[in-house]
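Student: Build out the structure end to end from the sequences listed, making use of the hints.
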Amino acid sequence: GAVVSQHPSRVICKSGTSVKIECRSLDFQATTMFWYRQFPKQSLMLMATSNEGSKATYEQGVEKDKFLINHASLTLSTLTVTSAHPEDSSFYICSAASGNTYEQYFGPGTRLTVT
Amino acid sequence: GIQVEQSPPDLILQEGANSTLRCNFSDSVNNLQWFHQNPWGQLINLFYIPSGTKQNGRLSATTVATERYSLLYISSSQTTDSGVYFCARAAAGNKLTFGGGTRVLVKP
Numbered sequence: 003g004a005v006v007s008q009h010p011s012r013v014i015c016k017s018g019t020s021v022k023i024e025c026r027s028l029d030f031q032a033t034t035m036f037w038y039r040q041f042p043k044q045s046l047m048l049m050a051t052s053n054e055g056s057k058a059t060y061e062q063g064v065e066k067d068k069f070l071i072n073h074a075s076l077t078l079s080t081l082t083v084t085s086a087h088p089e090d091s092s093f094y095i096c097s098a099a100s101g102n103t104y105e106q107y108f109g110p111g112t113r114l115t116v117t
Numbered sequence: 004g005i006q007v008e009q010s011p012p013d014l015i016l017q018e019g020a021n022s023t024l025r026c027n028f029s030d031s032v033n034n035l036q037w038f039h040q041n042p043w044g045q046l047i048n049l050f051y052i053p054s055g056t057k058q059n060g061r062l063s064a065t066t067v068a069t070e071r072y073s074l075l076y077i078s079s080s081q082t083t084d085s086g087v088y089f090c091a092r093a094a095a096g097n098k099l100t101f102g103g104g105t106r107v108l109v110k111p
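From first to last, the protein sequence lines stand for chains A and B. Our numbering numbers the first residue of the first sequence as 3 and each following residue consecutively. Our numbering numbers the first residue of the second sequence as 4 and each following residue consecutively.
Some clues are possibly wrong.
[To be verified] With a straight-line cut-off of 25 Å between C-alpha atoms, the simulated DSS-like cross-links for lysine-lysine are:
1. Lys22/A - Lys68/A
2. Lys57/A - Lys98/B
3. Lys66/A - Lys16/A
4. Lys68/A - Lys16/A
5. Lys57/A - Lys22/A
6. Lys98/B - Lys57/B
7. Lys43/A - Lys110/B
8. Lys43/A - Lys98/B
9. Lys98/B - Lys22/A
10. Lys98/B - Lys66/A
11. Lys68/A - Lys98/B
12. Lys22/A - Lys66/A
13. Lys57/A - Lys68/A
[Stated by the list, open to error] DEER-style ranges, computed between Cβ atoms:
14. Gly19/B - Asn72/A: 46 to 56 Å
15. Ile15/B - Ser56/A: 41 to 51 Å
16. Thr84/A - Thr69/B: 41 to 51 Å
17. Met47/A - Gln17/B: 29 to 39 Å
18. Arg25/B - Ala74/A: 37 to 47 Å
19. Gly101/A - Thr82/B: 36 to 46 Å
[Stated by the list, open to error] Far from chain A, by Cβ distances over 12 Å, these chain B residues were calculated:
20. Ile15
21. Asn21
22. Ser29
23. Asn59
24. Leu62
25. Asp84
26. Val109
To be clear, the hints were calculated from the coordinates, so they are not data collected in a lab. Glycine included, each C-beta is placed from N, C-alpha and C at the ideal position.
Tutor: Quick look at the structure:
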């Protein structure tokens with residue numbers, strides 16, 4: 003159990019375009035989902051926390067107008083990178099947690115390359 | 004803010020060897036997790052261990068919350084154990100702060 007999927011696994015887009023990444027909890031209801039970014043050979047950095055039906059909470063330094071997060075249901079959260087630039091190229095990972103546990107389960111990640 | 008430090012940063016093992024990875028954290032913990040990130044980037048949950056000791060096959064973990072550290076033991080290492088091991092500690096709202104990771108390479 004506790005499977006989280008992400009789609010797409012890899013995306014290449016041109017500078018100035020927007021990209022949407024989906025995160026789904028497949029076998030449990032995720033009251034909270036988290037979005038992380040990981041640069042090569044670095045650790046994961048939390049970008050934002052989203053709770054179903056409410057606005058996302060962004061970490062300091064993360065532009066909320068650039069990284070739009072929607073958590074429309076208990077099994078789906080989306081991250082949209084708007085007006086992407088090459089410096090947005092990174093590995094984006096989501097995680098999900100249900101309300102009765104602290105344990106987070108991670109998706110397989112999405113590798114974004116902006117050309 | 005919360006500090007999570009891991010050591011060593013890199014570890015090269017011969018297949019079959021045992022090793023210990025360490026995670027120090029700066030304040031009390033009510034949620035500590037160990038993960039293995041495989042070469043494809045997937046984080047795999049190893050242990051949820053705010054205190055005490057747990058074992059799962061060749062892996063075990065111990066957290067001593069009062070002394071603010073956790074240890075991950077890998078016994079009889081295999082090449083498939085290669086990857087990056089992260090510990091992470093949760094703050095309010097279950098926000099995880101990750102350590103810098105230990106990059107493990109197990110040689111055949």
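Student: Work down the list of hints and note, for each, if the structure agrees.
Tutor: Now for the hints, and whether the structure bears them out:
The suggested pairing of Lys22/A with Lys68/A holds, with an alpha-carbon distance near 12 Å, which does not exceed 25 Å. With a C-alpha separation of about 16 Å, the suggested pairing of Lys57/A with Lys98/B holds against the 25 Å cut-off. Pair hint Lys66/A plus Lys16/A holds up; C-alpha atoms about 21 Å apart against a cutoff of 25 Å. Of the pairs offered as hints, the one joining Lys68/A and Lys16/A holds, with about 16 Å between alpha carbons and a cut-off of 25 Å not exceeded.
For a cut-off of 25 Å, the pair hint linking Lys57/A to Lys22/A stands: about 17 Å separates their Cα positions. Proximity of Lys98/B to Lys57/B is assessed by CA-CA distance (about 23 Å); at most 25 Å being required, the pair is judged to hold. With a C-alpha separation of about 20 Å, the suggested pairing of Lys43/A with Lys110/B holds against the 25 Å cut-off. Between Lys43/A and Lys98/B the alpha-carbon distance is near 21 Å, which keeps this suggested pair within the 25 Å criterion.
With a C-alpha separation of about 23 Å, the suggested pair Lys98/B and Lys22/A falls inside the 25 Å cut-off, and the hint holds. Distance hint between Lys98/B and Lys66/A is fulfilled; the C-alpha atoms sit about 17 Å from each other, no more than 25 Å. With a C-alpha separation of about 21 Å, the suggested pair Lys68/A and Lys98/B falls inside the 25 Å cut-off, and the hint holds. A threshold of 25 Å between alpha carbons decides the hint, and for Lys22/A with Lys66/A the separation of about 14 Å falls inside it, so the pair holds.
Note on Lys57/A and Lys68/A: the hinted pairing holds, with a Cα-Cα distance of about 15 Å set against a maximum of 25 Å. The hinted range of 46 to 56 Å is satisfied by Gly19/B and Asn72/A, whose Cβ atoms lie roughly 48 Å apart. Ile15/B and Ser56/A have their C-beta atoms about 46 Å apart, which keeps the hinted 41 to 51 Å range intact. Distance hint check for Thr84/A and Thr69/B: the Cβ-Cβ separation is about 46 Å, which falls inside the suggested range of 41 to 51 Å.
For the pair Met47/A and Gln17/B, the supplied restraint of 29 to 39 Å holds, since their beta-carbon distance comes to about 33 Å. The given range of 37 to 47 Å is respected by Arg25/B and Ala74/A, whose C-beta atoms sit roughly 41 Å from each other. The hinted window of 36 to 46 Å between Gly101/A and Thr82/B holds, with their beta carbons roughly 39 Å apart. Listed as a non-interface residue, Ile15/B keeps its Cβ farther than 12 Å from every Cβ of chain A; the least gap is roughly 16 Å.
At roughly 25 Å, the least C-beta separation between Asn21/B and chain A is larger than 12 Å, which holds for a residue marked as non-interface. Annotated as non-interface, Ser29/B keeps its C-beta farther than 12 Å from every C-beta of chain A; the closest such distance is 15 Å. With a least beta-carbon separation of about 14 Å from chain A, Asn59/B lies farther than 12 Å from that chain, consistent with its non-interface assignment. Against chain A, the non-interface label of Leu62/B holds: every CB pair exceeds 12 Å, the least being about 16 Å.
Listed as a non-interface residue, Asp84/B keeps its Cβ farther than 12 Å from every Cβ of chain A; the least gap is roughly 18 Å. With 12 Å as the threshold on Cβ separation, the claim that Val109/B sits away from chain A holds: the shortest Cβ distance comes to roughly 18 Å.
Taken one by one, the earlier hints all hold for this structure without exception.
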